[in-house]
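> Sequence:
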Amino acid sequence: MNLITYFCSAMQKNEGKLHHQLMIGGIFAVGTLAASFLVMRWELLSAMMMFFASQLHVQCRRSSRNTMAFIFTGVGIGMACWFVTRLLGIILSQLLMIRHEMWESMKQGMLFMLANTPPDLQFT
Numbered sequence: 001m002n003l004i005t006y007f008c009s010a011m012q013k014n015e016g017k018l019h020h021q022l023m024i025g026g027i028f029a030v031g032t033l034a035a036s037f038l039v040m041r042w043e044l045l046s047a048m049m050m051f052f053a054s055q056l057h058v059q060c061r062r063s064s065r066n067t068m069a070f071i072f073t074g075v076g077i078g079m080a081c082w083f084v085t086r087l088l089g090i091i092l093s094q095l096l097m098i099r100h101e102m103w104e105s106m107k108q109g110m111l112f113m114l115a116n117t118p119p120d121l122q123f124t
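Residue numbers (my numbering): 1 to 124.
The set of hints was computed from the structure by calculation and includes no laboratory data.
Among the clues, some could well be false.
[As the list claims (entries may be wrong)] Quick list of the computed label-pair ranges, beta carbon to beta carbon:
# : residue 1 : residue 2 : range
1 : Phe52     : Ser105    : 37 to 45 Å
2 : Ile71     : Thr117    : 24 to 32 Å
3 : Met68     : Lys107    : 37 to 45 Å
4 : Gln108    : Trp42     : 15 to 23 Å
This structure is a prediction, so every number in the text was calculated from the model and none was measured.
Cβ coordinates follow ideal geometry from the N, Cα and C atoms, glycine included.
Take the sequences, apply the hints, and build the full model.
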């Protein structure tokens with residue numbers, strides 16, 4: 001007896017009780033899926049974009065569209081970076097602040113090196 005005939009015979013015997021139980025269980029399953037999609041929306045979106053970029057990269061390589069394959073590689077790498085930063089809880093403003101701090105420290109280091117370089121230093 002396969003699953004479909006078993007389900008149909010159980011529906012006839014229980015006069016819809018099984019259907020009600022399956023419907024309640026389905027509502028809880030849908031609620032769980034909806035909550036997980038709501039919590040993981042950006043991570044799931046970036047994971048799907050990485051997958052699609054990978055598939056399109058492969059298809060473009062097979063059909064000798066190297067420029068499009070290169071573009072999809074960049075999209076995949078960008079989505080991977082976005083995925084990791086979202087999982088780590090890093091947001092764009094933090095990245096901009098880190099970039100500003102790095103630029104300032106590099107600028108101070110270069111100014112320090114220029115100020116302390118001896119005038120008779122030969123670069124050959």
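> Hint by hint, say whether it matches the structure.
These are the hints, each one checked on the structure:
A C-beta distance of roughly 38 Å is found between Phe52 and Ser105, which places it inside the suggested range of 37 to 45 Å. The hinted window of 24 to 32 Å between Ile71 and Thr117 is violated, with their beta carbons roughly 44 Å apart. For the hinted restraint 37 to 45 Å between Met68 and Lys107, the CB-CB distance of approximately 39 Å keeps it satisfied. Distance hint check: the CB atoms of Gln108 and Trp42 are about 36 Å apart, inconsistent with the given range 15 to 23 Å.
Violation of the numbered hints given earlier is confined to hints 2, 4; the remaining hints are satisfied by the structure.
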